[in-house]
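Protein chains: 4
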Amino acid sequence: MSKKPLNVAVIGYGFMGRAHSNAYRKVGNFFDLGYDIRMKAACARSKDKVEAFASQWGFESTETDWRKLVERKDIDLVDICTPNDSHREIALAAAAAGKMILCEKPLARDSAEGIDMVKAVEAAKVPNMVWYNYRRVPAVTLAKQLIDEGKLGRIFHYRAVFLQDWTISSDLPQGGTGLWRLDVNAAGSGVTGDLLAHCIDTAIWLNGGVDKVSAMTETFIKERMHTLTGKVEKVGIDDACAFLARFKNGSLATFESTRYARGHKALYTFEINGEHASIAWDLHDLHRLSYFDHGDQGIVRGWRSIHVTDGDHPYMGKWWVPGLQIGYEHSFVHQVADFLAGVTQGKPASPTFRDALETQQVCDAVLKSARSGAWETVQG
Amino acid sequence: MSKKPLNVAVIGYGFMGRAHSNAYRKVGNFFDLGYDIRMKAACARSKDKVEAFASQWGFESTETDWRKLVERKDIDLVDICTPNDSHREIALAAAAAGKMILCEKPLARDSAEGIDMVKAVEAAKVPNMVWYNYRRVPAVTLAKQLIDEGKLGRIFHYRAVFLQDWTISSDLPQGGTGLWRLDVNAAGSGVTGDLLAHCIDTAIWLNGGVDKVSAMTETFIKERMHTLTGKVEKVGIDDACAFLARFKNGSLATFESTRYARGHKALYTFEINGEHASIAWDLHDLHRLSYFDHGDQGIVRGWRSIHVTDGDHPYMGKWWVPGLQIGYEHSFVHQVADFLAGVTQGKPASPTFRDALETQQVCDAVLKSARSGAWETVQG
Amino acid sequence: MSKKPLNVAVIGYGFMGRAHSNAYRKVGNFFDLGYDIRMKAACARSKDKVEAFASQWGFESTETDWRKLVERKDIDLVDICTPNDSHREIALAAAAAGKMILCEKPLARDSAEGIDMVKAVEAAKVPNMVWYNYRRVPAVTLAKQLIDEGKLGRIFHYRAVFLQDWTISSDLPQGGTGLWRLDVNAAGSGVTGDLLAHCIDTAIWLNGGVDKVSAMTETFIKERMHTLTGKVEKVGIDDACAFLARFKNGSLATFESTRYARGHKALYTFEINGEHASIAWDLHDLHRLSYFDHGDQGIVRGWRSIHVTDGDHPYMGKWWVPGLQIGYEHSFVHQVADFLAGVTQGKPASPTFRDALETQQVCDAVLKSARSGAWETVQG
Amino acid sequence: MSKKPLNVAVIGYGFMGRAHSNAYRKVGNFFDLGYDIRMKAACARSKDKVEAFASQWGFESTETDWRKLVERKDIDLVDICTPNDSHREIALAAAAAGKMILCEKPLARDSAEGIDMVKAVEAAKVPNMVWYNYRRVPAVTLAKQLIDEGKLGRIFHYRAVFLQDWTISSDLPQGGTGLWRLDVNAAGSGVTGDLLAHCIDTAIWLNGGVDKVSAMTETFIKERMHTLTGKVEKVGIDDACAFLARFKNGSLATFESTRYARGHKALYTFEINGEHASIAWDLHDLHRLSYFDHGDQGIVRGWRSIHVTDGDHPYMGKWWVPGLQIGYEHSFVHQVADFLAGVTQGKPASPTFRDALETQQVCDAVLKSARSGAWETVQG
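Here the protein sequences come in this chain order: A, B, C and D.
Using the working numbering, read the first sequence as starting at 9 and increasing by one per residue.
Using the working numbering, read the second sequence as starting at 9 and increasing by one per residue.
Using the working numbering, read the third sequence as starting at 9 and increasing by one per residue.
Using the working numbering, read the fourth sequence as starting at 9 and increasing by one per residue.
So here's chain A without its partners, still in its complex pose:
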């Protein structure tokens, strides 16, 4: 069957620009898509850098002004991989131009920006999605499947952490390329929007909505050199954040994230305890799912370490043979595949901008609680 061409433009050439470009290039080799993806344009402010990026990834053209890019008639899909402070503006313009939009997480710096974005894409009726990629790690998708099948029963507990250690040195500056995540103006917040947003997205997907939260944040290093101003400036982001939560389904949760957990590079873990079974997962061994089934015969009951590499595991029939693991980047490939399948079938794949707004609202409540010292109800 013939495939419809799909012209893709990526804005931003950083870590996410690479991860998404890889997904676009690769998805068609492994998944049957209704579309023939074309690497149409890359966009970034630096002409040299965007050309090098385009050359490396096979983009046919480049732009240095995203406004020009979103107006190009030959672009079908705009992928926003820029720092958080430009998500809203680009998304609104892309929606107005009728483009499909994929936006890197978090949706925005806060809910107010996010609401504008949701309104824009819904008014424009353009397919849209946010890159909360961990939903599509096969082990995580399997967790969702097991929960949906009722294997866990009533949920009592949810706990998640996202631990890193890359900002412990006080010599590390803030701001600019690669370091905008430490600049509160660019990022909106610190670990809350960057890391906890992932945990919250997964949690809402697996366990439903969050009712209220009690949080604390800390900025361990109060001042850092700002690479853009050349001055030592106050650090505005949260270096660490932990919160208690009550979900709408009655379960209790703890969430924690920090960039000061020595020994952990990107340790996102979650565990869910249900009446009949429990599940745990860990980004450092993302191809495994831990599962405890109380229904097993007593003397041989134990946590199972499932090597999620079989043909009947989510997405894995598309890859290699049992026992051979895939990695981090594949979650993005799956997301493109699902997004396009959703477009083809007219059923939006989640998380849409609207879905991602819910995560933003939890983040807002978390940051509000950290300031107020009180429990805060999630708005939305």
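Hint data in this document are derived by calculation from the structure and do not stem from the laboratory.
Some clues are possibly wrong.
Pairs count within a copy or across copies, as identical chains cannot be separated in the list.
No farther apart than 20 Å at their CA atoms in a straight line, the calculated lysine to aspartate or glutamate pairs in the DMTMM-like style are these [what the hints assert, rightly or not]:
hint: 1; residue 1: K12; residue 2: D118
hint: 2; residue 1: K159; residue 2: D304
hint: 3; residue 1: K256; residue 2: E226
hint: 4; residue 1: K81; residue 2: E231
Following the hints, position chains B, C and D against chain A.
Just chains B, C and D, lined up with the frame of chain A:
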């Protein structure tokens, strides 16, 4: 050298009565003590049961009234292994009678009771200790040693959980033998006093005092048959409790405990993240300590799994040979050895009643915060 | 009910003298025995050392000549904890004196000695047993139970290793207290008799008899100071040994042992692959059993890590509560309990001397094959 | 800088055809190559299948006759992904035509075929390589680096297994697409050439040449339906193979492979014990390396689990950020990158055909020993 006889009396024949008796009988085979421990008397209300217990454990005599026991001239040390509601009363009487006192944890049902007990033993100047036994699991003692040596540097994070799953069934009754932990009158609280107290004791020992907390508790099963009244009664304990904490040293912490975490029998874990190194431990594999040293050469840096069974590991020179693990019960043996060494040297071994009161005060703040919904400062 | 007194004598005060003494003292507190064990006599050549040992462990008397000991009328059970070169002689005398005999493993230095011992105890009709204690680690006993229930089906593969690293230094001498295991005259062989004997005993118990073997041995350090002669002498033991085996049931096996595996203190592991399920175990985490059941639903199939601490696990109902592990020493306690239950019921508990002879015969075939370079059939 | 075009042709569209094609397409996005790889031609006997394959992977043309393909002037590199029985013939023709050749492992069905192939490529002076891809899993490459740096010192032991469970059912037929590995004529041997060849290649790379071996093989299921003849035929391959080995450096080794190890999909593991340090690796968690350094301070010595995802780990600077793992397929990408770097620099990247012949010679000795029952010296 000749050893001083030490006549021990144990009140209570349950799980802890057995664990302590085993420690008294065994310690002299492995540790050089200044005392020759004699199993002098066992005490419990049921004559049949206490006699069976005494016979099994080699006690020379029995009592059915603890008041008579504490007044006996031939008893040097009274060990309180009864439910929490009797700790205060027995301890006060034993102190008045000038006995050494070892009391099962938690010290009391609340700080008010605890303060009375501290006053009593300090006024009587009797050696005293509380059975927070996990401090003397060799891997935990090693953690303390590493922290005291400065290997971790500034501490950023502390997290601990104590997860069980034995009360998920609503058919389980409350009250009476083996089930008094579900009866709020006997226990004082649920997981907070039973399990989090362990976590807090270790945390204070390793990381210093707690400044303030924000907590939530939940009772998932609201009513249970009471074995003593034969009626379905309201459950007064907390089935689950989680709290955020700020330590006096500026570090942030999360604590959680529940008896509704399917798949976990007694999973007490803690992790500490410092500037230079991190440490983690797990009661389900209590003979191991996980350690990450950022000072290791970069390409071979990784979490080390230390098999704490070498002769130069804490306490381990007294046991077998490298590679051969000890178990849960040995922590009690170590505690008796340290207690008696402290008596001999005139330096009280911790945790004394006063040390344990601090844990009680954190528990009080936690339960208060769970009721108030606000951050509460730890009194004391 | 009243219990029969059982007067126990232990010959040898080393590592095994301690481990066995601990078992005798402790077993009655946890197991219901028909016997009241009395620590009657300790025996060793050094008067000072045996008296210190007797004092530490509560033996009522001491002997410095094992010949006198075995003739004492007040001794019911003789426990041989001496180096291998004296097993035969002591056992023959003890059998002639009508004593129950427990002998530390290996039974003897070779099968020829072992056959004499089997004949002696069988002629004398005295209860007898060899301390292959790992059979009675609860996780290993559970493995036996699962195999006997048919959960594995046809067995295809067995593999075992016993890895240590304590003799890598060429400065370590051979011979004498604590080092007789390096002296071929005292030990009979190196890792084959010391470590592989454990592996073979377990394997025969779990998987049946061994048909034939092909082996290699190596002595990495050819000469060591001998502590008894004060001279550098040739090392006669095998430092390492590996062999292929075919079991009578058609399964294939690999076995390996060494004292030159850096990083392993006492890593005895085995794995068994059957048609329907597989089992693995590891002495460094002896309280766990790994189990893979192919009958589990495909998408949630995985190796289960069973925490063997529940009341319905072998022996564990006698100890603490679920989640609280026991250690190495408990396997000896279990062995005493089973031995005495066997005596009471008139059903010898295994491994008897005869059972242990089978292990000796495999060891002989292994050492013979290492010399011949050919496959050797196990005699017996 | 401008890049030289490199026209690649892949023969075979199976598992390896896909894995290699993915590598060719992807390598240029992540590695700086002197070549611009072009997917020029795919070749397979079935016209329909090869066209579907070419379409999926972006090959510009197709062939159904490999003889025609190797003669095409517009092909620079021929990649042989066919069953083993055609490796020799295709390689000889491709060498004669002056093509660069990459050949899927094992090099051939036996050394005799392999020698012809080595002669052909060396006579033709064409760059050549065999796809022993596991050398280029970053954790394995790191192991090589640590050994080359002398971190392990003298090597005492090497052990490797490759365990699978996919052929346990007797219903599984032999021969034809996807099942040729069970047909001795197509494959040459069973697990020896398919799986042990990987283990041997790594071992030679890490530990040097093998001197002699003692082996056993077994075919558990003696007859299987042959899909090409439609008849039940004798199974000629080895289902399982284990062997003892002595390396030229004096170290001892055990190797084992089977397709009857229930619970293991593709569990390739190796462990190396040196005087100063040990290393272990496991394909099921291929992004980790276990490392034990005896030089660490005694009380904190332990096996380190290195998450091989940092920028200074082999190859990892080309991928994502620390903590984010890559998978199986990336080893092929690395191999293409290294092969082309070797071509550019005129230094052949290993394993060349000649290197791979050495593995073949060990395989031959293993199979010979399994037949003879004697130790066999490796020829070569």
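Now for the hints, and whether the structure bears them out:
1. K12 with D118: Result: close neither inside a copy nor across copies, 36 Å intra and 49 Å inter.
2. K159 with D304: both (12 Å within a copy, 14 Å between copies)
3. K256 with E226: Between copies, since 14 Å is at most 20 Å while 27 Å is not.
4. K81 with E231: neither (45 Å within a copy, 64 Å between copies)
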